[in-house]
Amino acid sequence: MGLMAIMSVLSAVLTGRNSRSLSTPAVVAGRALYYGLLGLAVSTLVLPIIIVIGISLNPTQSQAFPPSGISLRWYQEFLVSPFFEPFFFVSLPIAIATATISTILGILAAYVVVRRDVPFENEVVMYFISPLIIPPAIIALALMITLNFNLLDFVPTSAKLVVGHVVITIPYTFLTAMTAIESVDTELVEGARNLGATKFQAFRKITLPLMKSGVVSGFLLAFILSFTDSLVALFLSSGSSTTLPVEIFLFLQYESSPLVAATASIQILLVLVLVLLIGRLIGFKAAAVSS
Amino acid sequence: MAFVNIQNLRKSYGDVVAVNDVSLDIEEGEFVSILGPSGSGKTTMLKSIAGFVDPTAGSIVVAGNEMIGLPPEDRNMGLVFQRLALFPHMSVFDNVAFGLRHRENLTEAEMEERVAEILEIVSLPGYEDRNIQNLSGGEQQRVALARVLVLEPDLLLYDEPLSDLDRQLREQMRREIKDLHDRLEITSIYVTHNQREALTLSDRVLVLHEGEKVRYAPPSEIYQDPQSKFVANFVGDSNFVSVTKGQNGTVTFEDDDISLPMHEADADAPTDLLYIRPEDITINPSDGDRVFSGTVRSTVHLGSVTEYKIEVGGNEFLTTDLGAPKYTKGDSVTVQFEDYGLVEA
Ligand SMILES: Nc1ncnc2c1ncn2[C@@H]1O[C@H](COP(=O)(O)OP(=O)(O)OP(=O)(O)O)[C@@H](O)[C@H]1O
Ligand SMILES: [Mg+2]
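Going down the list, the sequences are from chains A and B. Okay, so the first sequence: first residue is 1 according to the working numbering, each after it adds one. Okay, so the second sequence: first residue is 1001 according to the working numbering, each after it adds one.
Incorrect hints may have been included.
What the hints assert, rightly or not - SDA-like cross-link-like pairs, simulated, lysine to any residue; straight-line CA separation at most 20 Å:
| id | chain 1 | residue 1 | chain 2 | residue 2 |
| --- | --- | --- | --- | --- |
| 1 | A | Lys199 | B | Asn1194 |
| 2 | B | Lys1229 | B | Asn1194 |
| 3 | A | Lys199 | B | Arg1101 |
| 4 | B | Lys1047 | B | Lys1213 |
Source of the hints: derived by calculation from the structure; they are not laboratory data. Being a predicted model, the structure only gives us computed values, none of them experimental.
Let the hints inform the model, and build the full structure from the sequences given.
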């Protein structure tokens, strides 16, 4: 979500630049409001990140900001800390699996709702976005009760975590896929079929490539939500399948050190790299092409 | 049986009947236009033929095969869309080769040859690697044509392909479509609400009104003998006057004592509406009969022609004259009704 907010702020900044420089009182007031909101957005979104990174650079146990010196000590500590394993061997694979499964399910469901005449369309939409409406703690509790049912004992905890995360991320992948499919002109699909493509071929060669940016943003959202979720994980984690946020949560109950800040900074860095990498590979501009 | 045989085609959306029992025969190689105002069911008809609309009833036979029930990809028809529907994420080559990849089993080299050949035909030689977005409107238009022509379809379907173009380009593309048809002789159905396009391109014109077939005939026949006020109006600006039929083969204008001799063909027309085309009214003729006096009410200069409104008796008539305005508002003139006919109201 933070990502979306940052992107919308950025685009607001860009469009703000293009506006004519008239200076009627209304325009001045509007501009003041605009910069006020921008300031608020920056301070609530960017400032905490800067503070976290700042704290992570402290050379001592103290979590001072600004840091009392510059050192990478806590980053070295991270490699041997109890956070390393949950980070790379639990949270990361779970986030990748969640994002992949959630994106595929989201696209399939959205395709059926948008492009096929099915009964109970509104009900299906409601069903897929219901995890947004139900309080997360209730979902987590319900998942815990259902997935810990003893007939399901043979299912590894990590798989249960993926199921739980797919449930909480599906509204996002479903909604982004819906918007993306709707943005592809149905006449393009008709054009493809007129040229001999079957329904499936038309979807694969026309709809899917043109909804790419929607697919990518859905995937990223699901990845980030899963990677940073602590609530569902708290209810479902056990033993060796403890996710990073839960591990941090447990750690903070007994200790405090810039190690947490360093871990969080690595998390932020990873997400940032991922966003830029995928953006570069696939291109966020792909969707704009279809108009 | 004709090459295309459409029988009692009907499509309703709930209470709305978009196409109402239309039957139509098209001979092989013919160019047929479907002409009608917005909402008259033109697109619905075309998309039923192409397979994107499921007709409520009726049959569509093309080259001896029933089309109803066949998915669009199995009908060998080329559809040119109003908004072209070119694939924006593909090059010109991939757009044109799209159908070949699905419909035919060609090697990459054969495909390249076919694409090059068709791009030559639509005057876009060497455009293979161009990006769709960077093409001009006319070039995109030609790619849309090439994309369907390369498959040598049984039937070409056009849904107002020129309506988004500016006037000059439109004229040019209209001529090119005509040339292509003369050269390739692919049976074509062309949907338009532009009467000029329909009349100049087609061998026959189907006039639709609220989903119903009102006329299906060659352009010249429709123009000379529109038979109904709707058609007369649709194929050109016309003047209409209510008349009463006299015994001795004349018609008399309702509000005046102006009488005109009736054509023999109109003798038993069940109607009392007379239409006169603007170009069939001559101002200040040198001699002749059917001449009446009137007053110029307005003058509009339209470049190569001038349009006048002239009041004759209680009626106002639209007429056109070549060249710059010769008369101005208030001038007294005489007018001659050279040709006219009766139509159904
Ligand atoms: N999917 C649909 N659902 C309901 N009504 C429809 C649908 N498609 C078309 N119609 C109706 O059917 C009628 C004919 O529509 P159609 O699009 O065939 O007209 P048209 O002659 O192509 O018009 P235009 O010149 O504006 O393109 C219209 O009244 C339209 O509202
Ligand atoms: Mg239409």
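Each hint, compared with the structure:
no. : hint                    : in the structure
1   : Lys199(A) / Asn1194(B)  : 33 Å, violated
2   : Lys1229(B) / Asn1194(B) : 17 Å, holds
3   : Lys199(A) / Arg1101(B)  : 15 Å, holds
4   : Lys1047(B) / Lys1213(B) : 17 Å, holds
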